[in-house]
Amino acid sequence: MAEHSGPDSGKHKANHANANSAALLHGRAGAGTGAGGLSGGLSQPAGWQSLLSFTILFLAWLAGFSSRLFAVIRFESIIHEFDPWFNYRSTHHLASHGFYEFLNWFDERAWYPLGRIVGGTVYPGLMVTAGLIHWILNMLNITVHIRDVCVFLAPVFSGLTAISTFLLTRELWNQGAGLLAACFIAIVPGYISRSVAGSFDNEGIAIFALQFTYYLWVKSVKTGSVFWTICCCLSYFYMVSAWGGYVFIINLIPLHVFVLLLMQRYSRRVYIAYSTFYIVGLILSMQIPFVGFQPIRTSEHMAAAGVFALLQAYAFLQYLRDRLTKQEFQTLFFLGVSLAAGIVFLSVIYLTYTGDFANWWGVYAKIHIPIIASVSEHQPTTWVSFFFDLHILVCTFPAGLWFCIKNINDERVFVALYAISAVYFAGVMVRLMLTLTPVVCMLSAIAFSNVFEHYLGDDMKRENPPVEDSSDEDDKRNPGNLYDKAGKVRKHVSEQEKTEEGLGPNIKSIVTMLMLMLLMMFAVHCTWVTSNAYSSPSVVLASYNHDGTRNILDDFREAYYWLRQNTDEHARVMSWWDYGYQIAGMANRTTLVDNNTWNNSHIALVGKAMSSNETAAYEIMRSLDVDYVLIIFGGVIGYSGDDINKFLWMVRIAEGEHPKDIRESDYFTPQGEFRVDKAGSPTLLNCLMYKMSYYRFGEMQLDFRTPPGFDRTRNAEIGNKDIKFKHLEEAFTSEHWLVRIYKVKKLDNRETLDHKPRVTNIVPKQKYLSKKTAKRKRGYIKNKLTLKKGKRPNRKTV
Amino acid sequence: MQSLIGVMLMKFVLGQVKGEEEEENTLEVRETKVKGKSGKFFTVKLPSPLVPGAKIRVSVEMVFTHVLQPYPTHITQAEKQFVVFEGNHYFYSPYPTKTQTTRVKLASRNIESYTKLGNPSRSEDMLEYGPFKDIPPYSQDTLKVHYENNSPFLTITSMTRVIEVSHWGNIAVEETVDLKHTGAVLKGPFSRYDYQRQPDSGISSVKSFKTILPAAAQDVYYRDEIGNISTSHLLILDDSVEMEIRPRFPLFGGWKTHYIIGYNLPSYEYLYNLGDQYALKMRFVDHVFDEQVTDSLTVKIILPEGAKNIHVDSPYEINRAADELHYTYLDTFGRPVIVAHKNNMVEQHIQDVVDPAAEARMKVACITEQVLTLVNKRLGLYRHFDEAVNKYKQSRDISTLNSGKKTLETEHKVLTSEIASLQSKLKTEGSDLCDKVSEIQKLDSQVKELVLKSSVEAERLVAGKLKKDTYIENEKLHSNKRQELVTKIDNILDAL
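First to last, the sequence lines map onto chains Z and R. Under full-length UniProt numbering, the final residue of the first sequence carries the number 798; numbering is consecutive throughout. Under full-length UniProt numbering, the final residue of the second sequence carries the number 496; numbering is consecutive throughout.
Calculated directly from the structure, the hints in this document are not laboratory data. Here a beta-carbon is modelled for each residue, glycine too, at the ideal position from N, C-alpha and C. No incorrect hints appear here.
Distance condition first, Cα-Cα at most 16 Å in a straight line; then the derived EDC-like pairs of lysine to aspartate or glutamate:
hint, chain 1, residue 1, chain 2, residue 2
1, R, Lys256, Z, Asp568
2, R, Lys187, Z, Glu730
3, Z, Lys746, Z, Asp568
4, Z, Lys745, Z, Glu614
5, R, Lys256, Z, Glu569
6, R, Lys207, Z, Glu735
7, R, Lys187, Z, Glu729
Have a look at the derived ranges for each label pair, beta carbon to beta carbon:
hint, chain 1, residue 1, chain 2, residue 2, range
8, Z, Asn104, R, Phe42, 53 to 61 Å
9, Z, Gln44, R, Ala216, 53 to 61 Å
10, Z, Met513, R, His167, 51 to 59 Å
Kindly produce the complete structure, drawing on both the sequences and the hints.
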């Protein structure tokens with residue numbers, strides 16, 4: 001399905017462009033000459049057009065939905081990765097306890113002993129959406145498990161994203177480009193990566209909300225109607241409730257307005273749209289508990305406020321300009337500007353001092369905090385991943401951008417800004433590829449649409465006299481309407497005619513074929529990437545034998561389920577924060593730290609425990625009431641994402657908070673290498689993480705070519721094979737040793753010594769006879785009273 | 001006639017008494033009480049009273065649960081599991097016992113200690129006490145054996161079995177099982193290394209077990225709260241579906257797990273119907289593993305929406321809870337759910353439960369319904385014949401009349417004999433409806449006579465032997481009589 005939808009849609013689009021231009025021509029001919037010779041076969045083009053669009057959109061939805069089901073078909077309907085487990089758990093809580101209980105939920109199972117106020121620290125949009133769907137289905141007595149709702153939510157929403165992308169692109173360019181864009185976004189890997197079935201994450205629904213908000217914004221700028229703006233605000237509210245990325249909207253829209261002002265494109269429509277949007281949107285966004293008063297306090301939202309003030313001032317000046325003479329106006333203008341500048345300056349200084357703008361530059365500092373840097377999706381994007389996620393679109397979207405800038409109008413200013421800012425953000429963080437993807441799809445669609453229009457729609461144009469065409473166009477454009485007629489490229493007619501004539505039918509067909517080839521390759525690439533890179537649940541691993549049979553490594557669930565069934569209900573499990581959500585979701589046990597990394601010092605404490613030696617770690621663990629420690633160890637099967645490979649981040653984060661106790665350099669060899677074999681640093685070889693990972697691994701010989709204790713992940717024989725624990729004991733190890741759980745022992749009633757007791761009151765057998773004379777002996781007391789202190793113990797029996 | 005020995009430890013589960021003479025017969029067993037004695041007592045009804053001095057052989061099969069106590073109660077991974085069995089040396093009965101031999105068969109040869117009453121002989125894994133002579137009634141003496149037993153002590157601590165009957169021809173069965181290893185509790189660490197490398201490490205632990213599902217089971221799933229359990233194998237045999245179940249992790253002493261297993265069955269194998277009445281015949285509890293012990297079981301039977309007059313027949317006593325309603329698949333007023341509980345069950349309890357209508361009642365109802373249809377058919381035959389007579393009157397063709405007569409005769413014969421056989425069946429069922437049916441038969445023969453008479457008269461009319469007026473008069477008379485008889489029959493049928 002997915003493989004064919006790309007080129008198919010291309011063809012449809014091409015047909016469609018024909019139909020579109022035919023419709024245009026038909027209309028014009030009817031108005032001008034009254035003789036509709038062109039209408040020919042297409043008696044009702046509008047009907048055909050909507051049928052085609054509907055079909056294409058439906059197919060795009062279907063293709064997008066089904067290409068996201070790889071993981072479900074290969075494995076099962078299961079929640080993927082890490083964060084989705086938390087979302088699933090809280091959705092489950094919402095579905096079983098109700099909305100208010102969810103808003104007031106204090107989760108005592110996370111961040112022991114602090115706990116977490118879930119209702120106030122999540123974007124509830126995702127959970128509420130899934131919970132609502134579940135509720136409606138159950139109202140109708142369609143018994144669907146909440147898990148299945150969660151698993152299939154993102155694929156369903158991808159269809160809605162395709163539709164809103166279609167709407168937005170249609171507003172920007174024409175319907176043909178819109179359909180292409182819908183097809184692109186349905187299968188593009190950059191978006192699929194976050195919306196496969198099972199990936200129950202905020203982004204899955206947020207991209208829909210983002211695109212839909214932008215569509216409504218463009219619509220409201222175009223119409224200047226309060227109705228559309230209110231719709232836009234509601235959509236924005238949904239976005240705020242769904243994802244922290246709403247900040248992107250609240251910065252991009254003011255930027256759009258600002259640039260429009262700079263470009264002298266101010267109009268009453270913009271004024272109405274932005275004033276309504278800012279006020280209503282602000283109030284709505286503050287209804288989300290997690291957002292609260294941030295929109296009026298933090299720096300991320302200040303641009304919106306500034307533009308709002310600016311727009312009011314601008315509108316006021318416009319008003320004054322009508323009323324005053326030029327001279328008066330100028331003095332007033334200068335006075336006003338200097339006054340405003342002074343007020344803004346002073347208030348910023350004041351607020352910074354009082355600490356209300358605590359996060360002023362925090363955005364940029366965040367990148368250098370190790371805990372944020374340690375997340376792989378916060379790394380800068382490489383060129384490879386641009387190509388991997390967007391394929392041909394990354395090459396064509398600048399062309400689309402160029403078309404937009406060439407034929408600029410209000411909404412194309414918007415899309416240009418959208419593209420530029422998204423490209424910047426995507427370059428900063430891999431994760432933000434997601435915001436780039438939709439705009440790339442739209443602009444590429446515009447580029448493709450344009451090319452096809454030129455190379456496929458030739459017959460119609462030749463039959464129609466070009467002069468009439470141009471005059472008609474100009475007539476339409478001139479009466480104050482700033483917007484392009486959709487589907488028409490603004491090019492001088494004679495120029496256009498020249499280029500058209502320069503192209504023979506052969507070249508046209510070759511170009512068309514090439515384009516279709518590209519689209520086909522894009523579709524193939526998308527399917528391949530989806531199938532191979534983005535459809536692994538990561539909770540369940542699969543390996544393939546030589547004969548093609550599949551082995552499922554279900555170690556994670558094995559260990560989590562063991563925890564769930566065979567430990568005390570209130571047992572506290574310490575693990576690195578990556579596994580916090582999974583432990584809470586699957587094992588249903590209390591965790592110390594989890595993927596909501598809000599408390600750096602707590603994480604650092606866990607990191608410190610992991611990187612200290614056993615005795616020091618035991619003290620930390622006792623102070624945190626830890627009952628079990630869970631680690632991931634991939635040395636047996638060669639799983640690279642295990643805790644030893646993440647270990648340096650633990651050390652770094654611990655060092656950040658406890659620089660006296662933990663030093664990163666201690667864990668390297670003098671040559672600056674991080675190695676686990678004999679040459680590794682002794683601090684590493686004796687730290688808790690190392691010991692827990694390799695406990696009894698030294699005895700294990702995996703195959704005959706390698707020595708016992710050979711770590712397959714790091715391809716080294718481990719350096720410390722004689723590992724013994726004093727305060728811990730192995731509680732569980734999964735089948736492939738992937739998950740190891742240790743029990744932290746309680747303090748013994750009487751501590752046993754690990755060495756022989758030192759005997760202090762032994763009189764040496766041979767009495768030491770001093771060569772010194774009695775006189776020289778220092779401190780010698782004559783006739784000293786000798787006390788007999790009991791019997792001398794026999795040394796051998798000790 | 002069996003009682004509990006060591007009340008604290010044992011629970012009596014099932015007393016099945018078999019008379020062993022020529023053929024095995026299961027005897028009727030009922031629980032009773034004996035004054036002044038604790039424990040459970042049962043009366044057994046012999047098929048024929050025993051003459052003084054005569055002999056009869058009775059074998060008693062008893063199954064006890066949770067009798068073997070692990071001792072030591074906690075063992076490490078490397079240790080073997082030892083258990084203590086406590087029982088009675090003597091046969092506990094209200095009658096004096098003349099001679100008795102007690103044999104104890106153990107799971108292994110490794111015996112730590114055993115009570116030495118009467119110097120028992122020991123061979124391999126067998127202990128033999130006695131023979132004891134002339135033991136007074138109610139005598140007790142503790143028998144105690146401490147021996148190695150590494151068999152997995154799996155217990156189903158609770159199980160919910162949901163049977164969802166759909167009128168689309170499917171029965172969905174889902175069992176939610178809580179399992180626990182009730183043997184000696186694991187002490188100290190669990191080492192995966194030892195478990196993988198040393199064959200006798202964790203010898204009493206449970207790696208996997210087999211569940212036997214019905215042969216028609218389809219779409220089997222095996223999962224728990226966090227998804228599919230990928231460690232299972234399905235083997236389709238001729239007479240069953242064998243599922244090798246491996247819990248996510250090996251079960252050591254004291255460890256527990258929880259899973260859901262479900263499958264679909266075609267309803268034609270279990271659901272019988274007659275007209276609008278349906279009977280579901282399914283096992284109350286099904287096989288989970290060999291020698292299974294279920295501490296508490298809840299069975300829920302979800303019937304299709306609109307099922308009424310529900311009746312449950314069980315082979316043994318069950319506790320019915322209040323019926324519930326279940327909503328699914330766009331239901332409007334909900335599906336009735338039968339809920340039943342039973343505690344402490346073993347493998348021998350795998351027997352059928354019938355629902356919703358009692359079979360005997362069903363049978364009677366079924367037969368009467370058949371009678372109804374047959375009688376109606378017979379009445380229909382007369383009508384047909386009347387038509388034939390009328391035709392004959394018009395066409396004056398003797399052949400139509402004759403052929404009509406012939407068919408009437410043959411079909412009437414068949415139907416009457418069928419009704420008669422049903423009548424005899426009803427008699428065997430002991431139903432009073434039998435008399436009513438015979439009455440119908442009597443009335444029917446009168447009707448037949450009348451019918452034939454009228455046909456003869458019609459013949460005579462056609463032949464000109466009879467005047468038209470007299471014929472009409474006679475005909476009127478006949479028809480009136482017939483009407484009377486038919487209404488009588490109808491009344492009886494309605495009463496049925």
